[in-house]
Amino acid sequence: MLSTLDFIPILLEGALITVEITGLSLVLALIIGMVTALLRISNSVILRKTAGFYISLIRGTPLLVQLMYVYFVLPEFGLRLTPSVSAIIGLSLYEGAYLAEIFRAGIQSIGKGQFEAAYAIGMNHSTAMRIIILPQAIKNVLPPIGNSAILLLKNSSLAAVIAVNELMHTGELLATSTFRNLEIFTLVAVMYWLLHYPLAVIADYLERKMKSDSSNRH
Numbered sequence: 000m001l002s003t004l005d006f007i008p009i010l011l012e013g014a015l016i017t018v019e020i021t022g023l024s025l026v027l028a029l030i031i032g033m034v035t036a037l038l039r040i041s042n043s044v045i046l047r048k049t050a051g052f053y054i055s056l057i058r059g060t061p062l063l064v065q066l067m068y069v070y071f072v073l074p075e076f077g078l079r080l081t082p083s084v085s086a087i088i089g090l091s092l093y094e095g096a097y098l099a100e101i102f103r104a105g106i107q108s109i110g111k112g113q114f115e116a117a118y119a120i121g122m123n124h125s126t127a128m129r130i131i132i133l134p135q136a137i138k139n140v141l142p143p144i145g146n147s148a149i150l151l152l153k154n155s156s157l158a159a160v161i162a163v164n165e166l167m168h169t170g171e172l173l174a175t176s177t178f179r180n181l182e183i184f185t186l187v188a189v190m191y192w193l194l195h196y197p198l199a200v201i202a203d204y205l206e207r208k209m210k211s212d213s214s215n216r217h
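For the sequence shown, numbering that gives the first Met the number 0 assigns the number 0 to the initial residue and increments by one for each residue that follows.
Hints in this document: simulated from the structure, not taken from any laboratory.
Be a bit skeptical, because a hint or two may be false.
[Stated by the list, open to error] Listed next, the in silico DSS-like pairs over lysine-lysine satisfying Cα-Cα at most 27 Å (straight line):
1. Lys111 to Lys210
2. Lys208 to Lys153
3. Lys138 to Lys208
4. Lys48 to Lys111
5. Lys48 to Lys153
Please take these sequences and the hints and turn them into a complete structure.
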């Protein structure tokens, strides 16, 4: 009979896939979020409306539905994806919509005087945005990005519904085959907590540092 410890190496394999999916999804979501945020503040009405519709659509529908749509519906249009790729696409699009609003708020928190100063020294709008505005905006939104990464890690467990062999799905398979639900899902919960803890520490540090920097300026 297997001991509880025998389950750990198997679950660790699933945890590694969870980390990989979360990491790749976060990178893509950051890119999607930044691009969408810039579209949201664009002078073009069409671009603003398009970005706004994407954000509304993603935030207004469950992530579970989005994952199943990518995995089960796209093949009907000839686009067949592996479970892992489907999960990364679904998670990236979902997280990107939330990060877009975070980035937009960060950009709009920078005073108009920063733009005026950039224009005064001969910069155009795009150069001012790239060199002056975005670095400050990104610094201001690092704490909420950290919190978003934590939520993304936990949301990755939904990839189990499309048979991605991440931590949650691995736990489900073990529990189904051994009927030792208490031990297995306790281990799964502990592993998720251990994965989330470094992110929580970093997010807390960034938030405290930002508050400290803000108080030092006043």
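Cross-check of the supplied hints:
Between Lys111 and Lys210, the direct Cα distance comes to roughly 22 Å. Compliance with the 27 Å bound is thereby established for this hinted pair. Under the criterion of a C-alpha separation no larger than 27 Å, the hint pairing Lys208 with Lys153 is consistent with the structure, at around 25 Å. The suggested pairing of Lys138 with Lys208 holds, with an alpha-carbon distance near 11 Å, which does not exceed 27 Å. Between Lys48 and Lys111 the alpha-carbon distance is near 23 Å, which keeps this suggested pair within the 27 Å criterion.
A threshold of 27 Å between alpha carbons decides the hint, and for Lys48 with Lys153 the separation of about 30 Å lies outside it, so the pair is violated.
Hint 5 alone, counting from the list given before, is not met by this structure.
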